[in-house]
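For the protein sequence lines, the chains are A and B, in the order given.
If you're matching positions, the first sequence starts at 157 in the working numbering and goes up one per residue.
If you're matching positions, the second sequence starts at 2 in the working numbering and goes up one per residue.
Hints were generated in silico from the structure; no laboratory data involved.
For glycine and all other residues, C-beta sits at the position ideal for the given N, C-alpha and C.
Hints are not guaranteed to be accurate.
Said to hold, decoys possible - Okay, the calculated beta carbon distance ranges per label pair: (1) 179(A) to 42(B): 32 to 38 Å; (2) 10(B) to 267(A): 46 to 52 Å; (3) 214(A) to 86(B): 30 to 36 Å.
Unchecked claim - One side of the interface only, derived from the structure: several residues of chain B facing chain A at Cβ under 7 Å: (4) 3; (5) 5; (6) 8; (7) 59; (8) 68; (9) 72; (10) 88; (11) 95; (12) 97; (13) 98.
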Amino acid sequence: MHPDDGGTTIDRFTIDDLQRVRAAVANAAHHAGLTDTSSDDLVTAVNEVAVNAVAHAGGHGSLRVAPSAVGVLVEVHDDGPGMPAKLDLQRPSPEAIGGRGLWLARMLCHQVTIASDPSGVTVRLFMPRV
Amino acid sequence: VNLSITTLRTDDATIRLALAGEVDLGGAKPLREAIHGAVRDRTVTSVIVDLDGVTFIDSTGIATLVDGRKLADVCATTFRVDNARDLVRRVLEITGVLTHLSSTSG
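Next comes chain A alone, as it looks inside the complex:
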């Protein structure tokens, strides 16, 4: 990977690294020429997937961020038990305490795929350059 194309890999992130995860995504979005709104949306969506890994899938995960001419691809991998392949599209009630994280990720980033295998779960998020 070219050192200054905005691409990054974080082999192991924990609760203490979420800011670094967000900064890596924002940097890639900048390099790929995403709009500020698209960048904010991708950063927020990736953060929710990373929070899910930290809070529900063993406390850590890995991140790969790959900007290109057409947009930014982000992969978040964790070794947790897995998650449903299809996310619930029903918005949680305003009074519900939790359950918004992956719903929000899906709302802000329309291209989200989830792949489970014996090594864990890989969530791929793609934000196109428009």
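Since chain A is already given, all that's left is putting chain B on it; use the hints.
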């Protein structure tokens, strides 16, 4: 944790929690403690969470605010979230909690 919480007594019975920074998974716990402390204070009848200085909020931060609102309703304390801006406002709108959190009740 990249979140600062300043507790202001704006009058005898009102606490304004002025937040600055990012309300994420790491900031949710200190925010919860600050909100619960303010709401449970028997001399306080009104708690305002001021998001003016907040640049980022995630679902755990939202959960903390909704939880604060719920506790305030139980304690008959007025609770309101104020000054959500830009991305923070948009995320609160998309998740459908902005009206719930911005309206004064107690």
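Q. Does the CB of residue 97(B) sit less than 7 Å away from some CB of chain A?
A. This interface hint holds because 5 Å falls under the 7 Å limit.
Q.
Checking hints one by one. Is residue 59(B) an interface residue toward chain A, by the C-beta closer than 7 Å rule?
A. 5 Å, holds
Q: With chain A as the partner, please determine if residue 98(B) meets the hint condition of a C-beta pair closer than 7 Å.
A: 5 Å, holds
**Q.** Hint check: 7 Å Cβ-Cβ cutoff, residue 88(B) to chain A
**A.** The hint holds - residue 88(B) has a Cβ within 7 Å of chain A, the shortest such distance being about 5 Å.
Q: Confirm or reject the claim that residue 10(B) and residue 267(A) have a C-beta distance inside 46 to 52 Å.
A: 48 Å, holds
Q: Using Cβ atoms only, decide whether residue 95(B) comes closer than 7 Å to chain A, and label the hint accordingly.
A: This interface hint holds because 6 Å falls under the 7 Å limit.
Q) Can residue 3(B) be said to touch chain A, with a Cβ gap under 7 Å? A) 6 Å, holds
Q: Against chain A, run the beta carbon of residue 72(B) and see if the smallest gap drops under 7 Å.
A: With a closest approach of 11 Å, the residue 72(B) hint is violated.
Q) Falls inside 30 to 36 Å, the C-beta gap from residue 214(A) to residue 86(B)? A) 35 Å, holds
Q. Against chain A, is residue 68(B) within 7 Å by beta-carbon distance?
A. OK, holds: residue 68(B) within 7 Å of chain A, min 5 Å.
(Q) Quick check on residue 5(B) please, does its C-beta sit within 7 Å of some C-beta on chain A? (A) 14 Å, violated
Q) residue 179(A) and residue 42(B), beta-carbon distance inside 32 to 38 Å? A) Given about 37 Å between the Cβ atoms, the range holds.
In summary, the numbered hints that this structure violates are 5, 6 and 9.
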